[in-house]
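Enquirer: Spelled out from the first residue to the last, the chains are:
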Amino acid sequence: MNSVKINFELCKECEYCINFCPKQTILKKGERLNKKGYYPPEVVDIESCTACGTCARVCPEAAIEVYKDVTL
Amino acid sequence: MKHEVIFSGIGGQGVILAGKLLCTAAAKEGYTVTLAPAYGQEKRGGRTSCQVVISDEIGSPVISEADLILVFDEKSLEDYENKVKKDGYLLINSSMINIEPKRTDIKVVKIPLNDVANEVGNARTANMVALGAVLKYFDLISLEDMKQIMAKEMKSSIVEINQKALQAGYDYVG
Amino acid sequence: MKVIYERPKILTDAYFKYCGGCGHGLVNKIIAEILEEEKLQEKTVIVWPIGCSVYADKYFNVDSICALHGRAPAVATGIKRNLPNDNLVIVYQGDGDLVSEGMSEIIHSAIRGEKFTVIFINNAIYGMTGGQMAPTTLLGQKTTTSPYGRKEEESGAPVNMAELIANIKGCYYSERVAVNSPRNILATKRAIKKAFNYQLEGKGLCFIEVLSQCPTGWGMKPLKTLEHVEKEMLKVYPLGVFKSPEVKNQ
Amino acid sequence: MGEKLFMQGNEALAESAIRAGCKFYCGYPITPSSEIAEYYAKRMPEENGVFIQAETEVAAFNMIAGATATGNRAMTATSGPGFSLGVEAMSFMAAAGLPAVIVDVMRPGPADGDILAAQGDYFQVVKGGGHGDYNTIVLAPFSVQEMADLTPQAFELAEKYRNPVVIVSDGMLAKMMESVELPEKIEQKKNFDWTLTGAKGRKHNVITTCATGPEQWEQFNLELQKKFNTIAANEQRWEAYQIEDADFIIVAFGSVARIALSTIKKARENGLKVGMIRPITLWPFPKKAFAELKDKDFLVVELNAGQMVEDVKLAVPDKERVFFYGRLGGVTPTPDELFNKIRELYAKNNQ
Numbered sequence: 001m002n003s004v005k006i007n008f009e010l011c012k013e014c015e016y017c018i019n020f021c022p023k024q025t026i027l028k029k030g031e032r033l034n035k036k037g038y039y040p041p042e043v044v045d046i047e048s049c050t051a052c053g054t055c056a057r058v059c060p061e062a063a064i065e066v067y068k069d070v071t072l
Numbered sequence: 001m002k003h004e005v006i007f008s009g010i011g012g013q014g015v016i017l018a019g020k021l022l023c024t025a026a027a028k029e030g031y032t033v034t035l036a037p038a039y040g041q042e043k044r045g046g047r048t049s050c051q052v053v054i055s056d057e058i059g060s061p062v063i064s065e066a067d068l069i070l071v072f073d074e075k076s077l078e079d080y081e082n083k084v085k086k087d088g089y090l091l092i093n094s095s096m097i098n099i100e101p102k103r104t105d106i107k108v109v110k111i112p113l114n115d116v117a118n119e120v121g122n123a124r125t126a127n128m129v130a131l132g133a134v135l136k137y138f139d140l141i142s143l144e145d146m147k148q149i150m151a152k153e154m155k156s157s158i159v160e161i162n163q164k165a166l167q168a169g170y171d172y173v174g
Numbered sequence: 001m002k003v004i005y006e007r008p009k010i011l012t013d014a015y016f017k018y019c020g021g022c023g024h025g026l027v028n029k030i031i032a033e034i035l036e037e038e039k040l041q042e043k044t045v046i047v048w049p050i051g052c053s054v055y056a057d058k059y060f061n062v063d064s065i066c067a068l069h070g071r072a073p074a075v076a077t078g079i080k081r082n083l084p085n086d087n088l089v090i091v092y093q094g095d096g097d098l099v100s101e102g103m104s105e106i107i108h109s110a111i112r113g114e115k116f117t118v119i120f121i122n123n124a125i126y127g128m129t130g131g132q133m134a135p136t137t138l139l140g141q142k143t144t145t146s147p148y149g150r151k152e153e154e155s156g157a158p159v160n161m162a163e164l165i166a167n168i169k170g171c172y173y174s175e176r177v178a179v180n181s182p183r184n185i186l187a188t189k190r191a192i193k194k195a196f197n198y199q200l201e202g203k204g205l206c207f208i209e210v211l212s213q214c215p216t217g218w219g220m221k222p223l224k225t226l227e228h229v230e231k232e233m234l235k236v237y238p239l240g241v242f243k244s245p246e247v248k249n250q
Numbered sequence: 001m002g003e004k005l006f007m008q009g010n011e012a013l014a015e016s017a018i019r020a021g022c023k024f025y026c027g028y029p030i031t032p033s034s035e036i037a038e039y040y041a042k043r044m045p046e047e048n049g050v051f052i053q054a055e056t057e058v059a060a061f062n063m064i065a066g067a068t069a070t071g072n073r074a075m076t077a078t079s080g081p082g083f084s085l086g087v088e089a090m091s092f093m094a095a096a097g098l099p100a101v102i103v104d105v106m107r108p109g110p111a112d113g114d115i116l117a118a119q120g121d122y123f124q125v126v127k128g129g130g131h132g133d134y135n136t137i138v139l140a141p142f143s144v145q146e147m148a149d150l151t152p153q154a155f156e157l158a159e160k161y162r163n164p165v166v167i168v169s170d171g172m173l174a175k176m177m178e179s180v181e182l183p184e185k186i187e188q189k190k191n192f193d194w195t196l197t198g199a200k201g202r203k204h205n206v207i208t209t210c211a212t213g214p215e216q217w218e219q220f221n222l223e224l225q226k227k228f229n230t231i232a233a234n235e236q237r238w239e240a241y242q243i244e245d246a247d248f249i250i251v252a253f254g255s256v257a258r259i260a261l262s263t264i265k266k267a268r269e270n271g272l273k274v275g276m277i278r279p280i281t282l283w284p285f286p287k288k289a290f291a292e293l294k295d296k297d298f299l300v301v302e303l304n305a306g307q308m309v310e311d312v313k314l315a316v317p318d319k320e321r322v323f324f325y326g327r328l329g330g331v332t333p334t335p336d337e338l339f340n341k342i343r344e345l346y347a348k349n350n351q
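Protein chains in written order, with our numbering: chain A, 1 to 72; chain B, 1 to 174; chain C, 1 to 250; chain D, 1 to 351.
You may find that some hints are simply not true.
[What the hints assert, rightly or not] Label pairs and their in silico Cβ distance ranges:
1. W194/D with L139/C: 45 to 51 Å
2. A41/D with G113/C: 55 to 61 Å
3. K190/D with E144/B: 46 to 52 Å
4. D336/D with M1/B: 32 to 38 Å
5. N340/D with E153/B: 37 to 43 Å
6. A41/D with E57/B: 45 to 51 Å
7. E100/B with I186/D: 19 to 25 Å
8. L139/C with K23/A: 27 to 33 Å
9. K190/D with M1/B: 54 to 60 Å
For the record, the hints were derived by calculation from the structure and aren't laboratory data.
Think of the CB as a built atom: it goes at the ideal place given N, C-alpha and C, for glycine as much as any other residue.
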């Protein structure tokens with residue numbers, strides 16, 4: 001399974017990651033507040049993730065990391 | 001021992017070069033020498049003067065009363081006549097100055113610097129004619145020493161004509 | 001697991017003091033990615049400006065100095081000229097800093113052909129000072145000092161720096177890019193990387209103008225600012241290369 | 001070495017800086033400082049150094065800030081109007097700990113001012129001029145020899161305290177020619193741990209004047225004040241002339257102190273017990289020189305409207321006994337003029 005890690009405290013809720021995800025189903029607006037008062041997104045459909053890395057590249061906070069599962 | 005000399009003229013006449021050569025020669029003799037030049041803001045045609053102090057010790061570069069003042073133009077004469085020490089020398093460039101100094105307690109010497117320079121063959125050497133004349137009133141620096149300094153400090157192409165002018169000025173005050 | 005994207009190690013753990021969605025974060029991150037990929041950390045000195053990026057020295061594990069308003073190119077001149085040629089000197093400036101206060105310093109650095117890279121963040125507004133009009137503010141754009149919208153007859157028209165600098169002989173490379181889409185972000189990275197390479201080859205001033213979104217200054221949600229860059233800013237500030245050794249007949 | 005050269009003040013200063021290892025100069029031409037730039041422009045190719053003619057003094061001061069951030073010695077020279085533009089960077093360098101050397105060949109001022117001898121920049125160089133609580137060491141030579149001697153010391157002081165150092169001269173000292181023995185050529189010793197050269201084999205260095213909050217800003221400023229207090233305690237320099245028996249003491253610096261040397265001599269010849277204290281550091285002001293001088297009158301002589309007077313009044317035991325004489329606009333007093341002024345005051349004070 002691929003993996004998308006979001007640094008919860010660095011996020012400022014710009015939603016670029018949600019917006020630019022080619023699948024549109026993987027991330028969704030979160031419901032938990034971080035210490036700075038933002039709602040970081042949640043990973044809700046990791047099965048669909050192709051690990052393209054777009055969410056990480058558009059994140060202005062460098063708060064997202066993406067790993068691809070290369071085990072067959 | 002202290003000698004205080006002022007050269008004053010118009011920018012472009014080589015007033016400061018004359019002072020500089022005098023100082024270089026005196027410094028070489030081991031004296032404490034100060035040359036304080038003063039320029040106008042304009043590059044040419046403004047007032048240019050320099051105050052030369054040759055002494056055994058460090059002191060004011062600004063002169064209260066000079067032992068000798070050489071003036072190239074009328075404005076310089078008007079400005080500096082009063083700064084000559086009693087019984088001191090006022091050397092006047094009679095080629096350019098047609099007015100008479102008022103003081104009677106100083107020694108006035110008139111030299112047609114530009115005319116002498118022209119006779120030597122170069123109108124631009126009036127400053128060296130002046131320097132030659134000034135040397136006559138000092139027993140600090142010999143004519144020969146000054147010629148050597150000139151050979152060292154000047155472009156080789158102009159050394160000879162300037163040395164001639166120096167000699168002519170020296171001889172003129174005879 | 002194969003790493004697709006990891007936070008560059010050149011960045012410290014410090015929290016970016018930029019607003020959510022701000023283009024500064026994206027450009028900072030891109031710089032960090034390149035320095036890491038090209039192994040330039042040990043060779044780099046970054047000159048930061050006054051403005052929203054004033055604290056950026058805290059985000060990078062890289063030798064940094066924070067210059068005064070507009071003076072970063074002058075400070076960088078002193079640094080670059082005193083370091084061996086294989087050092088990389090980066091000047092990072094915003095539009096209030098570079099175009100207003102520091103117009104003289106940047107133009108003359110280009111005239112002298114200083115061999116450093118300038119990354120110029122154009123968000124058409126003074127960010128840190130609180131949303132005032134910049135020389136880059138769009139006509140009609142409302143700011144705290146142009147409350148009725150910028151008028152050309154009063155404040156002139158926006159300045160196109162990438163084109164202006166490109167016209168100076170000492171400039172080696174000038175390009176305008178944006179960070180409002182994944183595609184543009186990649187293009188920005190390519191341009192900055194190219195500029196760094198030119199610097200390391202000893203070429204003249206390289207100037208990268210980055211159109212950047214300012215959600216707070218523009219009073220828009222971050223996603224809306226991306227659209228604003230696309231629809232409004234690009235009309236005035238077209239993307240493209242304005243000077244490059246690779247393109248002839250410019 | 002030991003050879004005596006007959007040299008102009010500006011050029012002796014420039015050559016002395018080069019011999020002190022300063023191979024980076026940038027500046028904007030302004031009379032009466034320009035010979036320093038011209039000298040550097042000529043000499044830098046021979047020394048494998050850098051000369052940059054900057055577009056403005058603003059840029060020049062910031063360029064030397066950047067240069068010193070790499071640990072190299074750097075210098076600029078200007079005159080009053082140019083220094084005014086540079087003070088922004090003076091504040092920056094004092095706060096950022098950048099050890100540049102700045103030469104201010106003073107003009108009379110305000111505004112354009114003539115180009116002859118004047119000391120119109122005392123307030124500007126001594127009291128700051130720029131924003132915030134900062135000080136810079138200010139050295140005031142009074143001869144071509146001292147210009148040559150103080151220049152290498154300026155670099156050493158700057159690096160010792162990580163603070164900019166100003167050397168002030170004026171149209172007289174800068175243009176004056178005297179015999180001078182130049183210092184030996186040295187290689188700059190560079191064992192700094194704060195410079196920006198690329199973080200190779202060490203943690204990265206940051207030079208910034210920005211703190212993150214009021215408490216941090218205050219701490220930053222308190223650290224700076226410690227630096228300035230240390231300098232003020234350790235670096236007061238002055239020269240005293242015949243003050244032991246003097247009942248009248250001239251206080252003067254730079255060119256006018258040179259003039260006063262001849263005044264003292266004349267006064268003594270005329271039976272007046274006159275001495276002089278010549279501040280060599282204008283900041284820190286040499287307060288220590290005045291501490292023990294009771295029952296004496298002081299005449300502050302300056303080529304301005306009395307900018308140093310209040311510093312003298314704060315330093316002497318009785319501020320009512322401090323008098324002032326100044327000339328403005330590029331006019332210099334003669335030794336006799338000063339002597340007459342002293343004789344007049346002497347008579348009045350000893351009635």
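Enquirer: Now, for every hint given, state plainly whether the structure supports it.
Expert: Here's how the hints hold up against the structure:
1. Evaluation of the 45 to 51 Å hint for W194/D and L139/C yields a pass: the beta carbon distance comes to about 46 Å.
2. As the Cβ distance of A41/D to G113/C is approximately 18 Å, the hint placing it in 55 to 61 Å is violated.
3. Taken as a hint, the range 46 to 52 Å holds for the pair K190/D and E144/B, whose Cβ atoms sit roughly 51 Å apart.
4. Between D336/D and M1/B the CB atoms are about 19 Å apart, so this pair departs from the stated range of 32 to 38 Å.
5. Checking the proposed 37 to 43 Å range against N340/D and E153/B shows it holds: the Cβ atoms sit about 39 Å from each other.
6. In this structure, A41/D and E57/B break the distance hint of 45 to 51 Å, their C-beta atoms being roughly 36 Å apart.
7. Our hint of 19 to 25 Å for E100/B and I186/D is violated, since their Cβ atoms are close to 59 Å apart.
8. Restraint check, L139/C to K23/A: a C-beta distance of roughly 40 Å breaks the suggested window 27 to 33 Å.
9. Judged by the Cβ atoms, the range 54 to 60 Å given for K190/D and M1/B is violated: they are separated by roughly 47 Å.
Hints 2, 4, 6, 7, 8, 9 from the list above are not met by this structure, while the remaining hints are.
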